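Protein sequences appear in the order of chains A and B. By the numbering used here, the letter at position 159 of the first sequence is numbered 159, and the numbering carries on one by one without gaps. By the numbering used here, the letter at position 392 of the second sequence is numbered 392, and the numbering carries on one by one without gaps.
What the hints contain is simulated information worked out from the structure, not anything from laboratory work. One thing to keep in mind: the hints can contain errors.
What the hints assert, rightly or not - Computed from the model, here is a short list of chain B residues facing chain A with C-beta under 7 Å:
hint, residue
1, Ile193
2, Leu227
3, Pro231
4, Leu245
5, Gly257
6, Pro259
7, Leu260
8, Val442
9, Trp445
As the list claims (entries may be wrong) - To be clear about the criterion: a stretch of chain A counts as covered by chain B if any three or more of its residues have a C-beta under 8 Å from a C-beta of chain B, and this derived list gives those stretches:
hint, segment
10, 18-27
11, 55-67
12, 126-138
Claimed, not checked - If you want the ones that stay clear, here's a sample from chain B, every Cβ over 12 Å from chain A, calculated:
hint, residue
13, Ala229
14, Phe298
15, Phe302
16, Lys563
17, Phe608
Just so you know, these numbers come straight off a predicted model, no measurement behind them. Backbone N, C-alpha and C define an ideal beta-carbon position, used for all residues, glycine too.
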Amino acid sequence: MATATLESHDTHDDHGHGTSTGISNTKLAMWTFLGSECLLFGGLISTYLLYKTRRGPGPDNTTIPTDIFDIPFTSVSSFVLLMSSLTMVLALSALTRGDNRATRAWLLTTAMLGGVFIGGQVYEFTAFLREGVGFTHNPASSAFYTLTGFHGVHVSLGIVMLMSLVVASKQGKLTPKNTETVEVVGLYWHFVDVVWIFIFTVIYLIPTE
Amino acid sequence: MAITEEPLALTTGETAAAARPLGALTRPQGGNGWRDWLSTVDHKKIGIMYGVAAMFFFVVGGIEALLIRIQLAAPEGQFLSAEVYNQVFTMHGVTMVFLFVMPLAAAFANYLIPLQIGARDVAFPRLNALSFWIWLSGAIFLNTSWFVGGGGADCGWFCYSPNSGVAFSPSNGVDFYALGLQIAGIASLIGAINLIVTVLNMRAPGMSLFRMPMFTWLMLVTQFLLLFALPVITVALFLLMFDRLFDAQFFNPETGGDPLLWQHLFWIFGHPEVYIIILPSFGIISEIIPTFSRKPIFGYSFMVFSGIAIGFMGWGVWAHHMFVSGIGPFSVAAFSLSTMFIAVPTGVKILNWLATMWGGKIRLTTAMLYSVGAVAMFTIGGVSGVTHALAPADTQQTDTYYIVAHFHYVIFGGGVLGLLGGLYFWFPKIFGFMLNETIGKVNFWLILIGFNLTFGPMHVLGLQGMSRRIDTYSPGFGFELWNLVATIGSFTIAAGMLVLFFNIWKSKRDAADLPAPGPDPWDARSLEWSVPSPTPEHNFDTVPVVEGVDEWWHRKYGYDEDKRVVRIATIEEAAQDGSATGVHLPAPSFWPLVLAAGLPLIGYGLIFNLWLCVIGGALTGIAMYSWALEPVDDPDAGHDDHHDDGHDDPDDDPEHATAVTAGAEGGE
C-alpha cells in the first residue's frame, strides 16, 4: 500500500509548504472570510442605494444625511484611513527586516490613523444628531448609519487586532517567523480600507436626485 | 514512497503530562467522559455531536409538524388557536431548515471530509468545535422563545415584513428568530471557512481536486454557497433587528420603508439555501449508488461540473419566489427563464445516477433504498418546481398547498431521504456496528409511504385552492379527504422515525453478539473505508497517497488480461491497521464552548436587559483572548509544534521533524 513520508506532508506547516495549494491555512481562511465580507457590504450598500433618498412622511423627518454632510471633512478622514494601509505595509516590512521597534511604531501608527478615522466618524454622527437626523429619523438615515456603522465596527475590530499585535511584539512574541500573522491582519485592514472607497463613493461622491 | 515514520511516544492525550491550568479551566487530557466531549476538537466527535443534536431537533420539528397536521385533520379544527398555529408552523420550518437538515449535513461533512481527502483533521480544529457550540447555543436560544419570549416567531420561516414588524408581531418571538438565526449563521460561516480551507489545503498527496469523492466535492460547493449566502441574510436580520429593537425605518411602509427589500435579501440568501440543503444529499447519494451498483459513478466530471453549475446558477433565480410581489414583467420573465435553466444541471445528476445503476449489480440495502427513493422523490419535486417556473401557472399556485407539496418533495424527498440513507451507510464506520437491515427496510418503507401519503395529496389540495398557512378551513370545499390522508401520512412518517430509533437501540444491543463490521462492510470506494471502524482518533496511520478516483476501490480490485474486474487484495490486506504512533493531535480546549456561551447572553441582553449583553460580551472577549494565548498543542505533551499566532517559539526539537500534527490553527 502506498504511503507518504510523514515529513513530506506536515500539515502543520503554516508557511505554506505543506498545504495542497501552497497557501497557508490561515491566509486562505482570511481570503475566504473576506470573500464573505464582500457580500455583507454588498448587501448593506444595496440597502443604502435603495433608501438614500427616502425621506420620512412627516414635516419633522424630511432631512436626509446627504442634505447635511460635509464632503471636505470626510475626504480628509478618508485620506487618513487610506494612509493607514501604507503604514500597515511598512509595519510588515519592518517585521520582515527583524526591526521590532519599527514594527511596533508602524503598527501603532496604523492603529492611530484608524482611530482618527473613527474619531471623525463619531464627530460626523454627533453633528448629524445635532441637526436632528438620528438613526430612526427616516429610511435614508437608518441606512446611512447602518452602512457607515458596520464599517466603523470593522475598523474598530481592526484596531483591536493591531493593538494585540503591539502587545505581542512587546512581549517578544512577534518575530520575523510570524510575519504571516501581521500579513493576515494586514489583509483584513486593507480590505476594510478598500471597502471604504466604495462606501465613500456611493454616499458622498455620487450625487443624489 | 517509503515509510520513514519513526515510532514516537503516543501523544494523543492519554500519555500527556499533567494538565496545565489556564485560567479557571483545566485543559482536559482525554478519557474524561463528558469533559472530553465538551472540550473535544476531534472532527469526528464534533460530527457525532452535530448529528445527535440535529436528530433531537428533527424530533422537535417533527412534533411541530404533527401538531399542524392534527389541527388540519378535519375542518373547523380547534386543536390549536390561530396564534399558536402561526408560531408552530413558523418554528417547524425554522427548526427543520436551520436546526435539522443543515446541521445533519454538517455532521456528515465534519466526520467524512477529512477522511475522504486523506487528512488527519480539519484545518482549524478549535474553530470546528467553536462552530458546533455556537450553532447549538443559537439553536437553544431560538427555542427558548417558547418559554421566555411569549411564544415562537409567528411570521413564517421567511418572516416577511411587515408581518415581522412590531406592529403585527408584538411578542418577542421574532426577536428570538432574528438573533437566533444570526448566532447560528456565525456558526455556519465559521464552519464553511474551515471546510473550504480543509478541502483546498489539506488533501493527501495525489488527491487532486478531480480525484475527490463526490460527497466532498458537493460539500465544497455547499460551503461556498454558505460562505456567500449567509452574509446576505445577516444583513437582512440586522435590518429586522434594528427595526424591532431600535426603531429603525427599514421595513415600515408608513414611513417610507420598503417591505420588498426583505424579500430580496431573504431570497438572495434563501434560494442558494435550497441548494445548501439539497447538495449534501446529492453528495451522499453519489457515494451510495456507485457502491451498491458496483460501478464507478457515471460521468464523474459531469457530476462535478453540474454541481458547480448548480452552485453558480442558484444565485440567479431568487426572484422566482417573488413572481406575485409586483417586481414587473421583465424581472418575472428573466427569473422564469433562469429557473427553467437550473433544471438542466439537476437533470444531469438524475440521469448520471440512473446510468450508474444501469447494468450494475445492484444490492438493495437500506442505504440504497433511501438513495433510490431520494432520486425518485426529488425528481417529482423537481418537476413540480418547473411548473412554478412558469409565471402564469405560479400566479395560480403560489401560497397554496401545491407549493408546500413541492418543497417537501424536494427538501424531505430529496434532502432528508438522502441524509437518512447516509446515516445507514456510514453508521458502521462511525459507531462500529451495523444497523439491522430488516428493521431498516421497515423504517424506509414506512417513511417513504408516509411521505407520499402526506405530501402527495397536497398537490391536489393546492390545485383545489387551499391556501398554505391557514389554521383551519370550512367544510364543503373538498379539502376534507385529502387533509385527513395527509394527517394519516404524517403519523406514518412519525412511526417510521420511531422504528429508526428502535433500530439504533436494538442494533446496539445486538452488536455484542454479531461480528464487528470491520473497516469496509459495504465493499465501498472512498478512503474513509480504509481505516478501522470506528475511526481511530488520528484517522490514518500513514497519510495515504492517492492515485485516482475511487482510490480505496482500486486498492482492492484490478483488471485481468480480459479487462475483467478481479480482486487483488482483501479488505484486511488493503486496510490500515489503526495502530500508529507518533501522531500528534491538537489538544482539547474549553474556550470554544465558553466563547459560544457568551453569544446567547448577548442575545437575551438585547431583548431583555442590556446588562446581560455586558456579561455575554465580556465572556466572549475573555474566551477569545484566552483562546489566542492558548497553544494549539499542549506544551507539556513534549511536541510543542510552532504555529503562527505569534505566541509560540519555533521548535527546533529534532523529534519535531517527524511528528505529524493533525491540524494547523491560525491566530485569532
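A quick look at each hint next to the structure:
A hinted interface residue such as Ile193 of chain B counts as satisfied when its beta carbon comes closer than 7 Å to some beta carbon of chain A; here the least separation is about 5 Å, so the hint holds. For Leu227 of chain B, the interface hint holds, the least distance from its beta-carbon to any beta-carbon of chain A being 5 Å, beneath 7 Å. A least Cβ separation of about 4 Å between Pro231 of chain B and chain A falls short of the 7 Å threshold, and the interface hint therefore holds. Residue-level restraint check for Leu245 of chain B is violated (minimum Cβ-Cβ distance to chain A is 11 Å; threshold 7 Å).
For the restraint placing Gly257 of chain B at the interface with chain A, the shortest Cβ-Cβ distance is roughly 5 Å, inside the 7 Å limit, so the hint holds. The restraint placing Pro259 of chain B at the interface with chain A is violated, with a minimum CB-CB distance near 12 Å, outside the 7 Å limit. Taking 7 Å as the C-beta cut-off, the interface hint given for Leu260 of chain B is violated, the closest approach to chain A being about 9 Å. Checking Val442 of chain B against chain A: minimum C-beta separation of about 40 Å lies over 7 Å; hint violated.
Interface hint status for Trp445 of chain B: violated, as the beta-carbon distance to the closest one in chain A is roughly 41 Å, over 7 Å. Remark: the segment 18-27 of chain A is confirmed as covered by chain B, as 7 of its residues place a Cβ nearer than 8 Å to a Cβ of that chain, reaching the required three. With a cut-off of 8 Å between beta carbons, the segment 55-67 of chain A has 4 residues touching chain B; three or more are needed, and the interface restraint holds. Beta-carbon proximity to chain B at under 8 Å applies to 4 residues in the segment 126-138 of chain A; the threshold of 3 is reached and the given coverage holds.
Non-interface status of Ala229 of chain B relative to chain A is broken: a Cβ of that chain comes within 12 Å, the nearest being about 8 Å off. For Phe298 of chain B, the non-interface assignment is confirmed: its Cβ lies about 27 Å from the closest Cβ of chain A, beyond the 12 Å cut-off. At roughly 24 Å, the least C-beta separation between Phe302 of chain B and chain A is larger than 12 Å, which holds for a residue marked as non-interface. No beta-carbon of chain A comes within 12 Å of the beta-carbon of Lys563 of chain B; the shortest separation is about 23 Å.
Chain A leaves Phe608 of chain B outside its interface by the beta-carbon criterion, the shortest separation being 21 Å against a cut-off of 12 Å.
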